[in-house]
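The primary structure of each chain is shown beneath.
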Amino acid sequence: MTQDTRKLIKQLLKGNRRAAARLMTLAESMSPEAHAAIKQLYPHTGKAHIIGVTGPPGSGKSTLVDKLIEEFRAQGRTVGVVAVDPSSPFTGGALLGDRIRMNRFASDHDVFIRSMGSRGSLGGLAWATHDVVHILDALGKDIIIVETVGAGQAEVDIIQIAETVVLLSVPGLGDDIQTIKAGIMEIGNVFVINKADLDGADRRYAELQMALELDRKPDGWQPPILKAIATTGEGVSEVVKAIQSHHDYLIESGEIAQNRERRYCAQLETIVEHSFIRKLFVEPEEQALFQQLVQEVNERKTDPYTAAERLILHLIKQKGN
Amino acid sequence: MTEAEQKIRVLIAKPGLDGHDRGAKVVARALRDAGFEVIYTGLRQTPEQIAEAALQEDVTVVGLSILSGAHMRLFPEIMKLLKERGMDDTLVIAGGIIPEDDIKPLKKLGIKAIFGPGTPTTEIVEYIRTNAK
Ligand code: B12
Ligand SMILES: Nc1nc2c(ncn2[C@@H]2O[C@H](COP(=O)(O)OP(=O)(O)OP(=O)(O)O)[C@@H](O)[C@H]2O)c(=O)[nH]1
Ligand SMILES: [Mg+2]
Numbered sequence: 000m001t002q003d004t005r006k007l008i009k010q011l012l013k014g015n016r017r018a019a020a021r022l023m024t025l026a027e028s029m030s031p032e033a034h035a036a037i038k039q040l041y042p043h044t045g046k047a048h049i050i051g052v053t054g055p056p057g058s059g060k061s062t063l064v065d066k067l068i069e070e071f072r073a074q075g076r077t078v079g080v081v082a083v084d085p086s087s088p089f090t091g092g093a094l095l096g097d098r099i100r101m102n103r104f105a106s107d108h109d110v111f112i113r114s115m116g117s118r119g120s121l122g123g124l125a126w127a128t129h130d131v132v133h134i135l136d137a138l139g140k141d142i143i144i145v146e147t148v149g150a151g152q153a154e155v156d157i158i159q160i161a162e163t164v165v166l167l168s169v170p171g172l173g174d175d176i177q178t179i180k181a182g183i184m185e186i187g188n189v190f191v192i193n194k195a196d197l198d199g200a201d202r203r204y205a206e207l208q209m210a211l212e213l214d215r216k217p218d219g220w221q222p223p224i225l226k227a228i229a230t231t232g233e234g235v236s237e238v239v240k241a242i243q244s245h246h247d248y249l250i251e252s253g254e255i256a257q258n259r260e261r262r263y264c265a266q267l268e269t270i271v272e273h274s275f276i277r278k279l280f281v282e283p284e285e286q287a288l289f290q291q292l293v294q295e296v297n298e299r300k301t302d303p304y305t306a307a308e309r310l311i312l313h314l315i316k317q318k319g320n
Numbered sequence: 000m001t002e003a004e005q006k007i008r009v010l011i012a013k014p015g016l017d018g019h020d021r022g023a024k025v026v027a028r029a030l031r032d033a034g035f036e037v038i039y040t041g042l043r044q045t046p047e048q049i050a051e052a053a054l055q056e057d058v059t060v061v062g063l064s065i066l067s068g069a070h071m072r073l074f075p076e077i078m079k080l081l082k083e084r085g086m087d088d089t090l091v092i093a094g095g096i097i098p099e100d101d102i103k104p105l106k107k108l109g110i111k112a113i114f115g116p117g118t119p120t121t122e123i124v125e126y127i128r129t130n131a132k
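Respectively, the protein sequence lines represent chains Y and P.
For the first sequence, numbering that gives the first Met the number 0 gives the first residue as 0, with consecutive numbering after it.
For the second sequence, numbering that gives the first Met the number 0 gives the first residue as 0, with consecutive numbering after it.
None of these hints come from the bench; they were simulated from the model.
Check each hint, because a few of them may be wrong.
To be verified - Below, a list of computed lysine-lysine pairs in the DSSO-like style, where the Cα atoms sit at most 30 Å apart:
hint, chain 1, residue 1, chain 2, residue 2
1, P, 132, Y, 6
2, P, 82, P, 132
3, P, 82, Y, 278
4, P, 6, Y, 9
5, Y, 13, P, 111
6, P, 82, Y, 6
7, Y, 38, P, 6
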């Protein structure tokens with residue numbers, strides 16, 4: 000690790016915002032240097048309550064996050080936000096617009112907001128979102144809110160990070176069958192029907208209630224369904240109460256242990272997966288071996304399974320990053 | 000997998016009460032299409048909001064768009080707040096309606112380039128590619 004990085008970590012732990020921001024940029028590079036930095040600051044993490052906010056594109060996630068920040072600040076808690084927007088798979092560029100809705104906290108240095116492009120990750124987050132959350136945690140933020148990209152059915156990576164997942168839906172989006180089928184329904188701990196000022200909120204409520212009824216567990220946390228109007232703030236304090244109840248429930252029931260285990264397991268998987276992918280597609284030597292094996296399979300000199308075994312053997316024979 | 004180790008991140012900001020956002024949006028989209036990450040903060044930003052967003056987002060480039068005529072009042076304040084935050088090394092550029100006479104004092108302030116109406120967006124992309132580090 001360079002002197003520069005060491006200094007940034009020191010400053011971060013003293014609460015320096017610029018150092019935090021620069022470490023986030025480093026984290027996004029996913030380089031060995033970035034990982035060395037995260038290793039160093041990891042012992043200073045684990046204190047924050049991490050809240051995920053997910054839901055379809057345009058459902059009002061950022062607007063709601065803005066109101067959540069306000070509520071948590073009124074309670075005297077410090078807040079970090081990571082807002083992920085999709086990167087173009089073709090150019091790698093991204094227009095990160097979530098911040099537009101959260102502009103009023105600029106003079107409050109206990110609020111730190113960071114935008115991220117998804118950069119090729121498909122689960123609704125970016126590869127480095129975990130690391131940016133760690134950095135906010137080490138910076139000392141009490142509450143960390145992660146806004147996912149506008150999610151459909153497959154973008155469920157948020158449960159790898161968040162202790163509490165707030166799932167937004169809006170009136171008039173899709174029919175009830177769609178709702179029941181969608182895998183994303185299973186990840187919500189608090190359901191919010193946002194834009195309750197629009198027609199169809201009651202119908203939406205009934206649909207959600209029915210869908211949740213179908214896989215009601217006999218005991219444990221019963222996800223509440225709340226109506227809100229994020230633009231005016233109506234119903235937002237109830238959302239905050241529900242988030243806190245869920246957190247209390249996790250702790251009192253002891254379920255927090257399983258919740259953590261699930262998240263750490265997923266994080267570890269992600270890191271291993273990404274390290275392998277990085278090796279295969281970034282390091283020239285491995286890239287060459289990969290290409291060579293593809294060729295051999297193509298020429299039927301070997302089969303894909305043997306080729307994969309050779310690759311994995313090659314990778315584990317090396318040490319370090 | 001595309002993995003640009005250091006992606007260029009650009010903040011596009013509209014300071015003051017100026018409601019002309021077409022140019023800012025056109026530029027933001029062009030930069031996105033050129034592969035940059037563009038943080039667009041929307042209309043009516045105070046200098047403090049702009050400087051703080053630049054800091055938190057750790058951008059390489061701050062792009063100010065202004066057509067209201069208030070640049071001589073707003074830009075010095077923004078430059079001061081960036082400096083206070085240790086962001087002197089950020090590349091600051093601007094565009095919009097900026098009279099010829101103002102360009103020199105603005106450059107002296109540290110604004111590296113100014114792009115007026117009709118500038119092809121490719122020129123802006125090229126400039127950033129060459130000058131952002
Ligand atoms: C369209 C327009 C409007 C629209 C704006 C719609 C919108 N949402 O943007 C409407 C009708 C709402 C409007 C209203 C007004 N307007 Co008007 N408007 C224009 C007009 C005709 C074109 C602006 C435009 O959109 N151009 C197209 C875009 C793509 O070009 P651009 O913004 O210049 O951007 C390019 C470059 O400047 C540069 N660029 C711009 N931003 C950035 C940022 C970066 C980082 C970079 C690198 C480059 C860059 O790159 C772009 C691409 O080449 C101009 C005249 C003109 N010819 O510029 C007057 C003009 C800007 N308006 C003017 C005025 C006075 C007004 C009003 C006050 C009028 C009134 N009395 O009501 C109001 C104020 C509105 C407000 N709230 O601020 C004056 C400003 C005078 C001044 N600055 O001294 C102008 C110059 C007209 C004039 N000659 O008098 N306006
Ligand atoms: N009528 C109504 N509009 C709302 C409400 N909440 C948000 N909106 C509007 O919905 C639009 C999208 O809001 P955002 O907060 O940007 O939505 P988002 O889910 O963050 O969007 P993406 O991040 O792009 O997926 C904006 O125009 C908001 O003003 C609400 O409760 N009622
Ligand atoms: Mg959003």
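Against the structure, the hints come out as follows:
Taken as a hint, the residue 132/P and residue 6/Y pair is honoured in the structure, with Cα atoms around 21 Å apart against an allowance of 30 Å. At most 30 Å may separate the alpha-carbon atoms for a hinted pair to count; residue 82/P and residue 132/P meet this at roughly 18 Å. A distance of roughly 40 Å separates the Cα atoms of residue 82/P and residue 278/Y; the hinted pair therefore is violated under the 30 Å criterion. In summary, the hint linking residue 6/P to residue 9/Y is supported, as the alpha carbons are separated by about 25 Å, within the 30 Å threshold.
As the CA atoms of residue 13/Y and residue 111/P are separated by approximately 33 Å, the hinted pair breaks the 30 Å bound. Simply put, residue 82/P and residue 6/Y have alpha-carbon atoms about 20 Å apart, close enough for the 30 Å limit, and the pair holds. Straight-line distance between C-alpha atoms of residue 38/Y and residue 6/P comes to about 23 Å, which keeps the hinted pair within the 30 Å bound.
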